[in-house]
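Enquirer: Got chain H sorted already, so can you dock chain L onto it with the hints?
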Amino acid sequence: MKTLLMTGVLLALSGAGAVKVGVLLPLSGAGSVSGQAAKNGYQLALDEINKAGGVLGKPLELEFADDGSAPAKAVPEFVKLVTVEKVDFMAGGVSSATSIAISGPAKQYNTFMAWIGAAAVPVEDAFADHPYFFHYHPWSYYNFEAILGYFKYLKTYKKAKNIAIAYEDGPFGSAGIDATVDAFKKAGFNVVMTEKFKTGSGNFGPLVSKAKAAKPDILYWVGYDTDALPLATEIKQQNLQLGLLYGTPPSWPVGFEKNSLSDNVAGLSLWLSTSPNKDSRTFVAAYKKKYGTVTDEYFAPLAYVNLKTLAAAINRAGTTDKAKVAAEMAKTNVSTPFGQLTFSPSLKTKYQGFKAGNWLHFQYLGDARVPVFPIKFAQKPMVYGK
Amino acid sequence: MDLFVQTLVNGLLQSGLYALVASGLALAVGVVGIVNFAHGEYLMIGAFLAWAGSAFLGVDPLLSLPVIAVAVFAIGALTYRVSIRHVLLAPELNQMLLTFGLGILLQNLALMLLGGNTRTVTTPYQASSMQLGDLSVGGPKALAFGLAALLLGALYVVLYRTTLGRQMRAVAQNRRGAQLIGINVDRVYLIAFGVSCALAAVAGVLVSVLLFASPTVGLVFALKAFAIIVMAGLGNLTGVLWASVLLGVSEALVQTYVPGGGGWSDAVFFLMIFGTLVLRSYRGAR
Numbered sequence: 504m505k506t507l508l509m510t511g512v513l514l515a516l517s518g519a520g521a522v523k524v525g526v527l528l529p530l531s532g533a534g535s536v537s538g539q540a541a542k543n544g545y546q547l548a549l550d551e552i553n554k555a556g557g558v559l560g561k562p563l564e565l566e567f568a569d570d571g572s573a574p575a576k577a578v579p580e581f582v583k584l585v586t587v588e589k590v591d592f593m594a595g596g597v598s599s600a601t602s603i604a605i606s607g608p609a610k611q612y613n614t615f616m617a618w619i620g621a622a623a624v625p626v627e628d629a630f631a632d633h634p635y636f637f638h639y640h641p642w643s644y645y646n647f648e649a650i651l652g653y654f655k656y657l658k659t660y661k662k663a664k665n666i667a668i669a670y671e672d673g674p675f676g677s678a679g680i681d682a683t684v685d686a687f688k689k690a691g692f693n694v695v696m697t698e699k700f701k702t703g704s705g706n707f708g709p710l711v712s713k714a715k716a717a718k719p720d721i722l723y724w725v726g727y728d729t730d731a732l733p734l735a736t737e738i739k740q741q742n743l744q745l746g747l748l749y750g751t752p753p754s755w756p757v758g759f760e761k762n763s764l765s766d767n768v769a770g771l772s773l774w775l776s777t778s779p780n781k782d783s784r785t786f787v788a789a790y791k792k793k794y795g796t797v798t799d800e801y802f803a804p805l806a807y808v809n810l811k812t813l814a815a816a817i818n819r820a821g822t823t824d825k826a827k828v829a830a831e832m833a834k835t836n837v838s839t840p841f842g843q844l845t846f847s848p849s850l851k852t853k854y855q856g857f858k859a860g861n862w863l864h865f866q867y868l869g870d871a872r873v874p875v876f877p878i879k880f881a882q883k884p885m886v887y888g889k
Numbered sequence: 060m061d062l063f064v065q066t067l068v069n070g071l072l073q074s075g076l077y078a079l080v081a082s083g084l085a086l087a088v089g090v091v092g093i094v095n096f097a098h099g100e101y102l103m104i105g106a107f108l109a110w111a112g113s114a115f116l117g118v119d120p121l122l123s124l125p126v127i128a129v130a131v132f133a134i135g136a137l138t139y140r141v142s143i144r145h146v147l148l149a150p151e152l153n154q155m156l157l158t159f160g161l162g163i164l165l166q167n168l169a170l171m172l173l174g175g176n177t178r179t180v181t182t183p184y185q186a187s188s189m190q191l192g193d194l195s196v197g198g199p200k201a202l203a204f205g206l207a208a209l210l211l212g213a214l215y216v217v218l219y220r221t222t223l224g225r226q227m228r229a230v231a232q233n234r235r236g237a238q239l240i241g242i243n244v245d246r247v248y249l250i251a252f253g254v255s256c257a258l259a260a261v262a263g264v265l266v267s268v269l270l271f272a273s274p275t276v277g278l279v280f281a282l283k284a285f286a287i288i289v290m291a292g293l294g295n296l297t298g299v300l301w302a303s304v305l306l307g308v309s310e311a312l313v314q315t316y317v318p319g320g321g322g323w324s325d326a327v328f329f330l331m332i333f334g335t336l337v338l339r340s341y342r343g344a345r
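Protein chains in written order, with this note's numbering: chain H, 504 to 889; chain L, 60 to 345.
FYI, nobody ran anything at the bench for these hints, they're computed from the structure. One or more of the hints may lead you astray.
Stated by the list, open to error - Pair by pair, the computed Cβ-Cβ distance ranges are:
no.	chain 1	residue 1	chain 2	residue 2	range
1	L	Phe115	H	Asn693	46 to 52 Å
2	L	Gln232	H	Val684	55 to 61 Å
3	L	Ala149	H	Glu551	53 to 59 Å
4	H	Ala830	L	Pro183	57 to 63 Å
5	L	Gly343	H	Glu566	39 to 45 Å
6	L	Val337	H	Asn742	51 to 57 Å
The beta-carbon is built from N, C-alpha and C at its ideal position, and this holds for glycine as well.
Bound-form chain H, shown alone (with noise of 0.2 Å):
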């Protein structure tokens, strides 16, 4: 009995002090695909992070949630981490639904955050005066500036003038959508459809009937892994002509490269395994070397660097005291699989670390993603199909 107690006192020991990171992720639902992803790299980046000493010489525990992909789930999975499981620092977050749904919770709980995704405007607008937010994604409007620089190229050497937009009703694709039109328009292109959709309906048929009678260029369809395929179907099936079809999903569907109605589908990625950087190289290859896989999914390297930032902060600041952890986390300079990472202030908040240059334009291309813009980056010449 006594030795029994004295193990149960030892393991309790053991695991005392230990800094404790709740991390919230999209593990189901629509978002998923970028949960999984992200929680790959959080795995990778603790394995590292402890195996070379830990955090404040302990070795650093995660708690993993799943946000379901719902703002009503994401609440209640958030509290719980913060008040009961007692985390030192929040992580994670993909989704802008959530995200905007627990910055309530967060300002009451004053936690701290380091998020990893989220890029709708209005989550800025949520975590404005938030002191220990530090927000990882580009916001949407750095996304967007580097999409109209593609289509001004296409515009420019392709002789695309007509946008049509398909946006999902949530706020990942609503937040802005009017500026979205309004720059198009700004930039010279003819918007000629802008429709909204509901994400994981499927029902694409009325909405490629519209853009079939409206002739775009482009459709450009900001929205989730699930509307994908569905879409490049219907777009097939209703022989739909396009110069291109661009999306902005935070995911892709798996083994969506294997479809043939993937050829020439373009989209835009803050990374890709094939990437020539010095720090993408040494990920992709710890991470084959965990997973027995490589993945394009740039949640993956995100969270990595989120968790190694993070814990590099804290043993700087010697503490879990939140305002040192903040200042030290301000003080980051890192290079990383997405190239250098610093915090500075966005239109609204403090810490922003990744901006507009940091995003590359893929097509699928022969069963793999293959960068095709920036023209310096292109491995591949793009396939515009007017």
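Expert: Frame of chain H; chain L shown alone:
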């Protein structure tokens, strides 16, 4: 004019999937007298089985369809034996809570075993279509519509031209009376519930080809199936097809002609449930 006709075709094609899902639900409500909130999860099982057959065995989803239907019939029969059967005489609220819980259980089992990722199936006919002038008729959706009409026709024949069908109708009308004349009520319920689940799985196979397989894929279709059976009249199998067409075409018209209509498509079926219930109560009051 072309856009209008194409919109009608789009709606009609979409209604085939809706009818397939709703026919099973109508059977469960009509014969067993239970509102099965887990109906969408049997669709999800069908979609995952089709995906697994295609991904691991290289079997085309349409070829595996009969096997999947039989397998999900067996799962449905097992569900009936271990759970539904015990609440048939319980208050309706208990029945609903049971099937609601069953749905959550199946969805979370899928999440634990398969993860939350979206799985897609690749087939050579996935994007096939018939071109009639400027009109385009999607192959798999046309197949879904044809299959729905065929299965509903077959169900009608079974219900009105066979002994089993007569037994089902008798049980649906009066459970105790059917027992008194020697019908094995338990067996009839088991078959009806199993067939209901198998029909959802057939829809699931087509959903895997047209869309994807994921733990939550059944929810959207189950909600629409509820709208359809409310419009058709609870348990009214013959009304399922026209109610599905009405829902599919209404959604397509709203999506095409109402500004921002894509965002309103979910409101269409809630509006239809609301309209039907108000109209029925108004008629009842007269």
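Enquirer: Give a verdict on every hint.
Expert: Going through the hints against the structure:
no., hint, result
1, Phe115/L <-> Asn693/H: 46 to 52 Å, "47 Å, holds"
2, Gln232/L <-> Val684/H: 55 to 61 Å, "58 Å, holds"
3, Ala149/L <-> Glu551/H: 53 to 59 Å, "55 Å, holds"
4, Ala830/H <-> Pro183/L: 57 to 63 Å, "59 Å, holds"
5, Gly343/L <-> Glu566/H: 39 to 45 Å, "54 Å, violated"
6, Val337/L <-> Asn742/H: 51 to 57 Å, "42 Å, violated"
The structure does not agree with the numbered hints 5, 6 stated previously, though it agrees with the rest.
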